[in-house]
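Novice: Listed below, chain by chain, are the residues.
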Amino acid sequence: MTRTLPRTSEPAVGKPIDRVDGTAKTTGAARFAAEHPYPGLAHAALVHATISRGRITAIDTTEAAAIPGVVTVLTHHNAPALKPPRKVSPLDLSTMASGTSVAYLNTDEVHWDGQPVAVVVAETLTAAREAAALVKVVYAPMRSTVDFLAEEPNARPQKGNLLMSGSAKKGDAEAALATAPVRVEGRFTTPPHHHNAIEPHATTAVWDGDRLTVHDATQSIDWLRSHLALRFDVPAEGVRVIAPFVGGGFGGKAMIWPGTILTVMAARATGRPVRLLLTREGVYRTVGGRTPSTQRVALGARTDGRLTALVHTSVTYTGRVGGSPEQVTSQSKHVYDAENILVRQNLVELDLISNTSMRAPGDAMGTFALEAAIDELAYELGMDPIELRMRNEPERNPIDGRRFANRNLREAYRLGAERFGWADRTPEPGSMRDGRWLVGMGVATAFHPAWQFLANVTVRLSVDGTVLVRCGFQEMGMGGATAQAQIAADALGVPVESVRVEYGDSTLPLSPAAGGSMQTASVASSVLAACQKLRRKLAKLGPPGETPAAVLARAGVPSLEASVGSDSRLGRLTGQARFLAKLLRDQRRWMRAASGAQFCEVRVDPDTGETRVSRWTAAFDVGRVINAKTAVSQLRGGIVMGIGMALSEETLVDPRTGRIMNPGLGEYHVPVHADIPPIDVAYLDEPDPTMPLGLIGVGEVGITGVAGAIANAVHHATGRRIRDLPITLDKLL
Amino acid sequence: MRTFSYVRAPDVETALRAVADEPNAKFLGGGTNLVDLMRENVERPDVVVDISRLPLTGVEELPGGGVRIGALVRNSALAAHPLIRTRYPVLSQAILCGASAQLRNMATVGGNLLQRTRCLYFYDGASACNKREPASGCAAIGGFTRNHGVLGVSEHCIATHPSDLCVALAALDAEVEVESTRGTRRIPLTGFHRLPGSTPHVESALEPDELVTAIELPAPITERSRYRKVRDRASYAFALVSVAAALETGGGTVTAARLALGGVAPKPWRAVEAERVLLGAPATEESFRAAADAELAAATAQDGNTFKIELARRTIVATLRDLTSDGSAT
Ligand SMILES: Cc1cc2nc3c(=O)[nH]c(=O)nc-3n(C[C@H](O)[C@H](O)[C@H](O)COP(=O)(O)OP(=O)(O)OC[C@H]3O[C@@H](n4cnc5c(N)ncnc54)[C@H](O)[C@@H]3O)c2cc1C
Ligand code: SF4
Chain A
1 MTRTLPRTSE PAVGKPIDRV DGTAKTTGAA RFAAEHPYPG LAHAALVHAT ISRGRITAID
61 TTEAAAIPGV VTVLTHHNAP ALKPPRKVSP LDLSTMASGT SVAYLNTDEV HWDGQPVAVV
121 VAETLTAARE AAALVKVVYA PMRSTVDFLA EEPNARPQKG NLLMSGSAKK GDAEAALATA
181 PVRVEGRFTT PPHHHNAIEP HATTAVWDGD RLTVHDATQS IDWLRSHLAL RFDVPAEGVR
241 VIAPFVGGGF GGKAMIWPGT ILTVMAARAT GRPVRLLLTR EGVYRTVGGR TPSTQRVALG
301 ARTDGRLTAL VHTSVTYTGR VGGSPEQVTS QSKHVYDAEN ILVRQNLVEL DLISNTSMRA
361 PGDAMGTFAL EAAIDELAYE LGMDPIELRM RNEPERNPID GRRFANRNLR EAYRLGAERF
421 GWADRTPEPG SMRDGRWLVG MGVATAFHPA WQFLANVTVR LSVDGTVLVR CGFQEMGMGG
481 ATAQAQIAAD ALGVPVESVR VEYGDSTLPL SPAAGGSMQT ASVASSVLAA CQKLRRKLAK
541 LGPPGETPAA VLARAGVPSL EASVGSDSRL GRLTGQARFL AKLLRDQRRW MRAASGAQFC
601 EVRVDPDTGE TRVSRWTAAF DVGRVINAKT AVSQLRGGIV MGIGMALSEE TLVDPRTGRI
661 MNPGLGEYHV PVHADIPPID VAYLDEPDPT MPLGLIGVGE VGITGVAGAI ANAVHHATGR
721 RIRDLPITLD KLL
Chain B
1 MRTFSYVRAP DVETALRAVA DEPNAKFLGG GTNLVDLMRE NVERPDVVVD ISRLPLTGVE
61 ELPGGGVRIG ALVRNSALAA HPLIRTRYPV LSQAILCGAS AQLRNMATVG GNLLQRTRCL
121 YFYDGASACN KREPASGCAA IGGFTRNHGV LGVSEHCIAT HPSDLCVALA ALDAEVEVES
181 TRGTRRIPLT GFHRLPGSTP HVESALEPDE LVTAIELPAP ITERSRYRKV RDRASYAFAL
241 VSVAAALETG GGTVTAARLA LGGVAPKPWR AVEAERVLLG APATEESFRA AADAELAAAT
301 AQDGNTFKIE LARRTIVATL RDLTSDGSAT
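Which chain is which? The protein sequence lines are A and B, in order.
Note that full-length UniProt numbering has the first sequence beginning at 1, numbered continuously upward.
Note that full-length UniProt numbering has the second sequence beginning at 1, numbered continuously upward.
Hints listed in this document are in silico derivations from the structure and should not be mistaken for laboratory results.
Just so you know, even glycine gets a beta-carbon here, dropped at the ideal spot from N, CA and C.
Treat the hints loosely; a few may be bogus.
Computed Cβ-Cβ distance ranges for the label pairs, DEER-style [as the list claims (entries may be wrong)]:
1. 128/B with 126/A: 41 to 49 Å
2. 298/B with 434/A: 52 to 60 Å
3. 298/B with 161/A: 55 to 63 Å
4. 298/B with 436/A: 23 to 31 Å
5. 187/A with 24/B: 33 to 41 Å
6. 349/A with 207/B: 23 to 31 Å
7. 181/B with 434/A: 57 to 65 Å
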């Protein structure tokens, strides 16, 4: 860039700037999806199926309808028609949006325990819920398959698609394994999980003729807009989705689940604005969670620790009515420089609600098994587990020899080990104590691929010095708006306070969904491009002034705008084609990922097996950090969620019925404050040269490796290898 | 939740009259369990009698060194009371191990006694449950039984009583004072809760029209007592196993012992067998183990809770060991 503007302020990128939405959220000014008042607003409540497969033979709503305040009870007998969702196609990512393929209230078929079979609309929430409990449904149950472990032997190979592969190999890993001088092999299991975002899913829907306004707790504003237009057969231009504030998603709000669709349907049927606020149980019954997995990891090595064979296979489920195959073994293609590699993912289909993505899909589960197996190998070899990892640190992407766009894992381990005090660890299991407590220290590698998708952005500079960035991305508390304000401020050379970011509305330029840790990088790339365009336009107005606004003032121009991408139908299509081409090109050229080293210390009570995490240090390579505060919060949050995954979280799906038996925070044990130690998060701040500003997403890498590190620490404390999550105390007795 | 009528009782007499000829009435204490269960449609009272304003909130010293605790004393107030903290540390600790600070601020002593099981199938209207719907079956058997009992259970119900507070009360020889329009009577805490047998829906000796008015504790056998709760996370989870213990030793021998278990039985489980073995035995780990074995000899487990027998054994031994090694009760 030759025509640099004079800088009028300190660079904002990298600073620990408070979240721009912080005040609105802490003062309660921020309105979430269930908090929008409309005149004549009615309230909805769902009735859930209590069988996993079959038909509804009778549905009696008389008692429910008689509750004072009930407006209507919708069932498959009287509900408005719904168009079917489209088949999934990588050419239009919004086709991935449908949570399930079920024609809600347009069929007498039941496909999972929990499927909504009726919706009550009433004047008050209380009346709606009271009436919902009075709807009587008679079923003709059919044989269903709901027991994941019993189905495991029937698993079939998972098919790949444009974005993900179901299997991969290099050399002959099984043969190499058979002849390896040192071998370890284990079967690992992880249970189903649920996201448990603090805000339960909620929707407010308002029709005006064929125009629809929806406030929804969604991670996917644009997908939701196209999907609703399709299902309700109205032009997408008339559908507006508003979601500036979302109370956490973690993947649970990425797809479109029945609650959203049924609210829109109820509003259509009653001609009134309708709000549905799911109960926590309602979220468990109508929103997919993380699939359970069984995994096999087998490692073969020479006595010097060099890996000759790495085999990682998995079985997970998808629902018969939908779901996305998990990339459980993905990281095994990228983390260790094994001479021979085999990864293979297998699937079973169950009569359960579709599985869905949850923080670091695949990698959160896969890194548990892989990293625990590596630790086991280190013990087999009598080698320090970090040393073993460093001996297998690859120069190029192990599975296919691609270049790494960034790879600083050695440095992350060095930094983490120093901050944690790894050198003080005595390797012998059970050798460290604090009073009666057994103390263990464990380590594991964190790894998550980096993505970038299409985003459209406009940036406007006004003569009063303010800058407006507009993009329809979603803010679930990650700090997206703050990061983009910082990026735009530096790109234009203005103070960050003068930048306002508009987001969370489908009338704004198109943004990708928030997921896969790619939103910040995707939007940043377009913000940078738009800012550059703006500066070129500005340069044409006259010579650089004191400030960019001064240039406008001199030229007598009230404001100047630049945009990237087009929201027209054609613009979207060409954008999508361009994006796909770039994605495939990039994929061939580089392996891009965030990575890190997780260090933890646990204490295990020798009498009871109670395990508590007492210390955590993590050092990440996440490229350039845009906001030191929000990035660290994201990483720390991931570690907290990983601690839950390691020690306590499990959705109890009754294998006899397919019914979730702990649909609430009382019995689904997320960590409480007392479970969480001080968490020390460090990052290298080493820009990835192939990414905009050198940044890599931070949303998901934090949880990866956490369960592995804890399992390894538990082994160090007790000598016991626990290969089944969660590591509850009964497994240690 | 169903529609119900609500009566606020200013005094005990009004409360008793309000339920006297109302077969389907419920008292509302702190509401932390009743309201939950009403929301889940498990409890479906026609009348809710709010007793939270009754003047039963005193904690008074009794002649002879005992204590009388009003039924409406909030859990947090009881835990913090100096008399309880110094004389009955096990009780104070048990309360503070339970629920969360917010819940303890609301929960009353009477309500805690009568809180209902946390069996997952009891809470789920779609599951068979003999306790919720007599003679409908028990879906827990053969299902998820991690929080179910190993002592005192029956083929009709294997649910546990979830209270921590009551486990301490059972160890402390508490008595429950109850009142109805027919008069006042006293029930020993250990006889207050019923085993399920073939009638798991009958959970206590309390008649439907009776109000718990107070708990009385005799003078403690020792101030050396402690509560140990083992659970799935550091806080805010029900006990997998808990132990309330008080131990007096002299010349290396156990001279008095009180032991009760939580999380393992349909009622707060006074460990009578273990106490018998302990009394007069040397205060050693071997005796503690023998006592635990004696108590658990009758235990029966499901697939999901077999570990509780071993866990109970270890927790009993560890708690008694703690009481003898440092003598303090923190
Ligand atoms: C999330 C959560 C976690 C919890 N964790 C724990 C825990 O770890 N350990 C633990 O011990 N408890 C725990 N609890 C339970 C809690 O202790 C009980 O809910 C509480 O003690 C009940 O007291 P309450 O006054 O609110 O009772 P209410 O809900 O008002 O009443 C409960 C029952 O008692 C009856 N009742 C109340 N007072 C009287 C009276 N004076 N006479 C006759 N009948 C009466 C009511 O009719 C009702 O049937 C937890 C509860 C929740 C919600
Ligand atoms: S254990 Fe008892 S409470 Fe639980 S389902 Fe069986 S009968 Fe009901």
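Novice: Work down the list of hints and note, for each, if the structure agrees.
Specialist: Hint-by-hint comparison with the structure:
no.	hint	in the structure
1	128/B with 126/A: 41 to 49 Å	28 Å, violated
2	298/B with 434/A: 52 to 60 Å	37 Å, violated
3	298/B with 161/A: 55 to 63 Å	58 Å, holds
4	298/B with 436/A: 23 to 31 Å	30 Å, holds
5	187/A with 24/B: 33 to 41 Å	53 Å, violated
6	349/A with 207/B: 23 to 31 Å	54 Å, violated
7	181/B with 434/A: 57 to 65 Å	59 Å, holds
Hint compliance for this structure: hints 1, 2, 5 and 6 are broken, all remaining hints hold.
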